[in-house]
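Peer 1: Protein chains in written order, with this note's numbering: chain Y, 1 to 170; chain C, 1 to 432; chain V, 1 to 304.
Honestly, I wouldn't trust all of these hints.
As the list claims (entries may be wrong) - No farther apart than 30 Å at their CA atoms in a straight line, the calculated lysine-lysine pairs in the BS3-like style are these:
(1) V:K28 with C:K355
(2) V:K28 with V:K255
(3) V:K254 with C:K355
(4) V:K28 with V:K199
(5) V:K255 with V:K130
(6) V:K199 with V:K128
(7) C:K355 with V:K130
Worth flagging that the hints you see were computed from the coordinates, not collected in a lab.
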Amino acid sequence: MRALRRALDIGVGAVCCGLLAAMIAVLAWQVFSRYALNAPSTFSEEALRFGVIWVSLLGAAYSTGRGTHMAVDLLREMTRGGVRRALEFLVPLAFLIFSLAVLVRGGLHGVEIAARQTSPVLQIPMGYIYASLPVSGALMALYSVLNLVDLVRDRRRLPDDLERMIIAGD
Amino acid sequence: MAGPASLILISVFGTLALLGIPLAISITAAALAAVALVAPLDMALFTSAQKMLASLDSFSLLAVPFFILSGVMMNSGGIAVRLVNFARLIAGRIPGSLAQTNIAGNMLFGSISGSAIAASTSIGGVLVPMQAEEGYDRDFAAAVNIASAPTGMLIPPTTAFIIYSLVSGGASIAALFLGGAVAGLMWGLGMMALTSLIAWRRGYPVGGRTGWREALRITREALPSLMLIVIVIGGIMFGVFTAVEASGIAVIYTMLLAFVIHRTTPLRNFPSFLLETAQVTGTIMLLLAASAALSFAMAFTGIPAAVTSLILGLSDDPVMVMLIINAVLLVIGCFMDIGPAILIFTPILLPIAQKVGYDPVHFGVILVFNLAIGTITPPVGTGLFVGASVAKVRVERAIRALGPFYILLFAILALVTYVPALTLTLPRLFDL
Amino acid sequence: ESLRFAYASNATPTKEAMAHFGELVEEKTGGEVTVQFFPDSQLGGERELVEMVQGGLLDMTKVSGGLMESFSPVYGVFSMPYLFDSQEHFYAAMDNPEVTGPVYESTRDDGMVALTYYDSGARSFYTKDKPIMKVEDLKGLKIRVMQSPTSIRMVEMLGGSPIAMGQDEVYTSIQQGVLDGAENNEFAITIAGHGEVAKHYSYDVHTRIPDIMLISTATLDRLSEEHRAAVIEAAKESTEFQKQAWNEAVEAAKKQSEEEFGVQFYYPEVAQFQQAVQPMYDELAADPEKQLLFDAIRAAAGNS
Ligand code: NA
Ligand code: NA
């Protein structure tokens, strides 16, 4: 289980880092081509838009593993024992339902509809963009199962409000 | 339709959020429930997914991860100390020198890092203990730090305005940045004035003069970090580049600072900065996406129109309407964080404000100002909690010491709300 | 029964025509079918609206023919420069069911069909610094185009640098010099306020891209035969209504551009522009479906 989590973290993390680094390079190229070469690149805007979508959704999956999505902890902080434990279990369960129903199922419907559309500039199938939803949903579901197992084995507590804010830097 | 839909929406969201279900999920579930009233569930699932994706498909949104990344890199090394020294240089001769230094430091650091929490921990973390040693009341020192930390949410660059620009249907980010800079400065300078009054009455010490040689050294050390603000605000103001391009330039400039000029951190740490950025971006964007699904559900079931006629039914006098909106926002800010609040309430409240003649840029500044106050008020105020724990004082004591600061902030909010020229003059001057 | 009809932002005559469509449907069905409108991008942008029609959440929408190219490539022909000789030719071709029928039906397997079109005027270049009097004037200029491959290709052929960006970013981009100009009908000057930042409108009239009204096939199947006929008839009649209102509104917009925004209008020689985009027609031959539509449209030129 731990090995699976580690592999997931490394895989998803590496893709996120690579995408972000590539996006920095593309935006730098866009600015440079516009100002220095006075010949703006036509592909960069669309490429960057698609990059933001993928990074955001993969980042959301990664944050699910870390448990850093924003929540109101008032009730959890006020309760003890069995009630508190029940509330803690609700979080990964909600993630599981959300990711499978909305992101995977709803997203796959989107992939199906978008399959025959092509993007205007890069001419790539729009299905590749829509695929970010089910892919991120599947990863989120995996992470939620891992979080659930950890909760059962009492190996992990949810981060509290403060911890989450500091990580989220807001 | 709007009646039952809003009832279902509010009760689903309220119940799930209270149970501690992550906000993004509570929001999506509320949206699903409302759409499912009029359409099959499968269709509602698809539409939610589609809306989430479409909300992320925006070029302006690119500025979010990039400004976050430059903030993350800025936080990583030595710049807090440099900025504290510089802040002391500019504010150190005013009564209550150390407290003034804290305020100026929070404004500078908050602007650069875009994070009120980072400002209050790194600047307040240094200055609150120093104040206690020099005989300042610890509660007062905590209050000063807490009350001035949110200025960074208004002084650009700031993600709050980028998100607002998106949901408002294209209010200019550049204009919002300039309007926000003015509001943020008013906030910070107001805190300084009140602090000097209290410090003078309590007889807190005024710092000594700094020699010009020392002053020069301090300025030179702080200058590269300060240049970031100059580049971003100046570049946008004079139309050299767009807000998105500014975010890219901020990243590259910060990389140069961290890895080449200051060398505060080795290049091998870069991937960990990227990872942190992806994680923060992921949490913000999932919320943004969920809120897009919600505002679709609201439009589809006619809720914004119903709220508009409800509020305008109470009064159509602009002063009254904005008073109601401000009161609503202050209550919302008490319970909710700034990002989701912007996303959910802009589509409902902006049309009302526009109906009584408010400019979208002006309203954006009012909205963010309001919600920024919310981050330091009880019961849910992350800025309040973090600030109290940094200063090692109990939250109740910090709240008591914050009393006069809250009153001043409401007064400044009233000014920002009812004197449009304050926020709009600068953007109009630069044709934004 | 109520039909859900959503659209993005639009010129006034087109909005009026859609409202008229709603009234006609109600009238023809004796109030048994009504139309509920979601105007002004309330429910999302045009691409999303089309997808919602496909998904069945919306019954109808109206979008630019340029956007339809990514759902069905044959629509790309409508974006070809100098396809129509004049407004008369445009109407003659678009009103001929043998020309438009196969295009309207081309998305049936994707869950939607087109019912009718609206005139969206002629698109020309408008620029910040100098008018476009000949093709060379476009050289190196950064011109905003719609996110359509055909539009991108056209500006490239004319020597400009096409930038595909959203309509809402155009104003500031021209102002900040990120763009040198854009191309659109006269309403971009007035409704979007671009006349404040771009003062030269050059009538090279390169394209006439129709707006397309779509309906979900699920909705068509659900309607009774009688109601279905009423909806189709109402759509056609609303097109006639829109034609009446369109030219008047364009004249008004032109007048407003000159008086309120101080925009100057120019009339360059068109032949040279037609020459420059000729290779695009040679490329068309590679796609038989597109070539067929093209030939049908050109054949209508003589009849007008
Ligand atoms: Na900031
Ligand atoms: Na609060």
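Peer 1: Failing hints, ascending?
Peer 2: 1, 2, 4, 7
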